[in-house]
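Trainee: The chain contents come next:
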Amino acid sequence: MPESYSNAGNTIDYLFNGLHLLSALILVGTMLAIGWIVWKFDESREQAQHIHHNTRLELVWSIIPCIILVFIAFYQMNSWAENKMNRPTIEVGGQTIPKPPLVLVKAKQFGWEFHYAGEDDRIQTQDDVYIENELVVPVGQDVVLQLESYDVIHSFSVVELRLKQDIVPGMIQFAWFNATREGEMEIACAELCGWGHYKMTARMRIVSQSEFDNWLSRVTREYSPNFGSDDGTP
Amino acid sequence: MLFTMHATIMIFFVIIPILAGGFGNYLIPLMIGAEDMAFPRLNMCSYWFMWPAFGCMILSFFMPGHGPGAGWTSYPPLSVLLSSAPGSGNAQTLWTLGMIFIGVASMMGSLNYMTTIIQMRAPGMHMFRMPMTVWGMFITAIMQAFALPVLTAALLMQLSDRVLLTGFFLPEAIAANNASPASGGGQPLLWQHLFWFYSHPAVYIMILPAMGMVSDMLSCFSRKPLFGYRPMVYSITAIAGLGFIVWGHHMFISGMNQILAVSFMVSTMLIALPSGIKVFNWIGTMYGGRLHLTTPMLFSIGFVSMFIIGGLSGIVMAAPPVDIMIHDTYYIVAHLHYVLFGSSILGVMGAIYFWFPKMFGRMMNDSLGKLHFLLTFVFLNGTFYPMHLLGAKGFPRRYADPYQLEGMLELLPMNQFMTYCAIGMGAAQLIFLVNFVGSMFVGPKADRNPWNSNSLEWSAPSPPGHGNFDFQPIVYRGPYEYSHPDTETDHFPQIVAEATDMKNVEVNA
Ligand SMILES: [Cu+2]
Ligand SMILES: [Cu+2]
Chain X
163 MPESYSNAGN TIDYLFNGLH LLSALILVGT MLAIGWIVWK FDESREQAQH
213 IHHNTRLELV WSIIPCIILV FIAFYQMNSW AENKMNRPTI EVGGQTIPKP
263 PLVLVKAKQF GWEFHYAGED DRIQTQDDVY IENELVVPVG QDVVLQLESY
313 DVIHSFSVVE LRLKQDIVPG MIQFAWFNAT REGEMEIACA ELCGWGHYKM
363 TARMRIVSQS EFDNWLSRVT REYSPNFGSD DGTP
Chain H
1236 MLFTMHATIM IFFVIIPILA GGFGNYLIPL MIGAEDMAFP RLNMCSYWFM
1286 WPAFGCMILS FFMPGHGPGA GWTSYPPLSV LLSSAPGSGN AQTLWTLGMI
1336 FIGVASMMGS LNYMTTIIQM RAPGMHMFRM PMTVWGMFIT AIMQAFALPV
1386 LTAALLMQLS DRVLLTGFFL PEAIAANNAS PASGGGQPLL WQHLFWFYSH
1436 PAVYIMILPA MGMVSDMLSC FSRKPLFGYR PMVYSITAIA GLGFIVWGHH
1486 MFISGMNQIL AVSFMVSTML IALPSGIKVF NWIGTMYGGR LHLTTPMLFS
1536 IGFVSMFIIG GLSGIVMAAP PVDIMIHDTY YIVAHLHYVL FGSSILGVMG
1586 AIYFWFPKMF GRMMNDSLGK LHFLLTFVFL NGTFYPMHLL GAKGFPRRYA
1636 DPYQLEGMLE LLPMNQFMTY CAIGMGAAQL IFLVNFVGSM FVGPKADRNP
1686 WNSNSLEWSA PSPPGHGNFD FQPIVYRGPY EYSHPDTETD HFPQIVAEAT
1736 DMKNVEVNA
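Heads up: the sequence lines are chains X and H, in that order.
According to my numbering, the first sequence holds residues 163 to 396 in order.
According to my numbering, the second sequence holds residues 1236 to 1744 in order.
Among these hints, one or two may not hold up.
[Stated by the list, open to error] Simulated crosslink set (SDA-like; lysine to any residue; CA at most 25 angstroms straight-line): (1) K261/X to V306/X; (2) K1628/H to K261/X; (3) K202/X to K1605/H; (4) K361/X to L307/X; (5) K1605/H to G1661/H; (6) K1628/H to L194/X; (7) K1680/H to G1661/H; (8) K1605/H to L194/X; (9) K1628/H to K202/X; (10) K261/X to L1495/H; (11) K202/X to R1525/H; (12) K361/X to Q1651/H; (13) K361/X to A1242/H; (14) K361/X to N1413/H.
Because the hints were derived from the structure by calculation, they are not lab data.
Keep in mind it's a predicted model, so treat the numbers as computed, not measured.
All chains should be built: construct the whole structure from the sequences, respecting the hints.
Mentor: The structure is reproduced here in structure tokens:
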């Protein structure tokens, strides 16, 4: 799989590899057992054993997998919470509040809009700046995205960040990440959204904080509110 | 929209009808010692509901848009908002109609199975003397009876959203191609919940009967009692019960409540336990046996190994953080094909080889059968195993042209390899077809019990005439008394009263 760009992504990779290692062990073990049985107990034997069950053996092979499964279930809960439940927070006046979103991502058939806050530092206001098909974010920071859809269900997915979140029209979703490296990657839609689903992509650039500030102020300066609105998008 | 049609046809028109409709109707009365199903007319009615369903599906495919535009999961708003999928209007409506018909047909069928199994067992056939095949079909029928009404209701709501412009699944203030829906206030996630409430159990509806049949074949060809019969029954029941509370694992990243996701994750992990117990019991059945590697036995062993792979990848996916990554990639496609094709279809094929002599009074060719198994097994893995690797690289499913994404072009050779394997797999089925049709006419004649099996159907004539049995079957024991120390032969049929009677049976047969 492509290299991970975030710590949360590394954890997912670690879980992914760990579970596969475990699966591989079980797979090889059971396959060897089946192979050995097929080879050993062939028709040349005189008679098959007449056994119906073996309670002790059955208890062993019920309890051990049960423990393993419960362990896996609890072991990966933290990672889930970190990715989907515990939105990053900030301190404001001694109070801890959820970090406000940096970008409002709006999905539509078949493209992406990225709305940045204008001068007032808040999204969804009059002076929002919006660009199409390019998302620029700073490195080493908790970035919160607010996800919305104009029409049908889309899914915001960046493989390199191990990020995927469906966007349901009529609902507001949040996604967050903290990129550890700068780079460029592709945003794709991961939920079938119509005939043009496969080409619903956008660029994502992770840049340094100063580069991001420069870029944002340049975009804000050059931005004219009519840009893009003549194609009929709201 | 080929993949939608492939999924719909395979699931609703091949696997479920063959397993439930074909084998269920044929085997249940035979295996419990009944003359026929409880409600023959209901059966006909269910059968005649299949045809309009077929008709709708085929029409849907030839409509402009070539089938529904929203995938087999048919998520709204894409499937409801006409302007969001221009051109596929009638196709989607017909698809929904077809699904409603097939749902009604299966519901009637499942009622019939339950009644037959509960009411019509031969004297002495306790519930815990029924072969696993019957148990599998019984539990499946219960699942269908509880889950299908939900899907059917949801489909009716979707149909009304499309045709009557209601808004069950349409939220407020959306617009596609500058056209807004007539009504709103609905919730797209509602559809997903209702849909998966049926469609996860549907997976078990497709695999539980196959599990039962494989249990019977493994025991018969190992000449050994099924290891842990009662735990097998309980684990089938547990799978079915848990199967109703795991649907949310299809929705980890759908935007539903994230705490809810945790509970679905736990139940999904737990469902691996009864599945694992079944695998161990199958292996335990073979251990210490005297294995006859006939074609049905090979398919059964194939079933078990493919089920292990499908089950393990299922555990990997049940971990929600990992699911973030592999959701909607080819990994899922690999998993479901291992479970549905690798397991279910291999089981069904083994069952066809196994019960063919009963159905047609002739044996199928064993060498051709083994060749068929070998080719199917090899090509099946060649086709579906690489999908795991594709999925791990993030290869998305449901893309018309995935190579538009960067980094995907390097996967092209692997895809070509899979295509060749898929073609090979298709070609291997021709061997089966030839064998099947040929054996119907020129296969060697089979007597009543060609495999020396215990269960009731093997004491009926091959093929059984009208009314199934030419005597009143009375059941004295469970179906798995192979290699019993008291008998001279290595089987001990359910209808034989005493071990000393065994000789007479041989003569009578
Ligand atoms: Cu999309
Ligand atoms: Cu499921």
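Trainee: The structure should be examined with respect to each hint, and the outcome stated for every one.
Mentor: Now for the hints, and whether the structure bears them out:
Of the pairs offered as hints, the one joining K261/X and V306/X holds, with about 7 angstroms between alpha carbons and a cut-off of 25 angstroms not exceeded. Only pairs whose Cα atoms come within 25 angstroms are accepted, and K1628/H paired with K261/X is rejected, the gap being roughly 32 angstroms. Proposed proximity of K202/X and K1605/H is supported: the alpha carbons are some 20 angstroms apart, at most 25 angstroms. Taking the CA atoms of K361/X and L307/X, the gap is about 22 angstroms. The hint holds against a cut of 25 angstroms.
Using a Cα cut-off of 25 angstroms, the hinted pair K1605/H and G1661/H holds, with the two alpha carbons roughly 16 angstroms apart. Of the supplied pair hints, the one linking K1628/H and L194/X is violated, its CA atoms being roughly 29 angstroms apart against a limit of 25 angstroms. Taking the CA atoms of K1680/H and G1661/H, the gap is near 29 angstroms; set against the 25 angstroms cutoff, the hint is violated. As the CA atoms of K1605/H and L194/X are separated by approximately 21 angstroms, the hinted pair is consistent with the 25 angstroms bound.
Note on K1628/H and K202/X: the hinted pairing is violated, with a Cα-Cα distance of about 40 angstroms set against a maximum of 25 angstroms. With a CA separation close to 23 angstroms, the supplied pair K261/X and L1495/H stays within the 25 angstroms bound. For the hint pairing K202/X with R1525/H, the CA-to-CA distance comes to about 9 angstroms; that is within 25 angstroms, so the pair holds. Proximity of K361/X to Q1651/H is assessed by CA-CA distance (about 22 angstroms); at most 25 angstroms being required, the pair is judged to hold.
Of the pairs offered as hints, the one joining K361/X and A1242/H holds, with about 23 angstroms between alpha carbons and a cut-off of 25 angstroms not exceeded. Between K361/X and N1413/H the CA atoms are separated by roughly 20 angstroms; this keeps the pair inside 25 angstroms, and the hint holds.
Taken one by one, the earlier hints fail for this structure at numbers 2, 6, 7 and 9, listed in ascending order.
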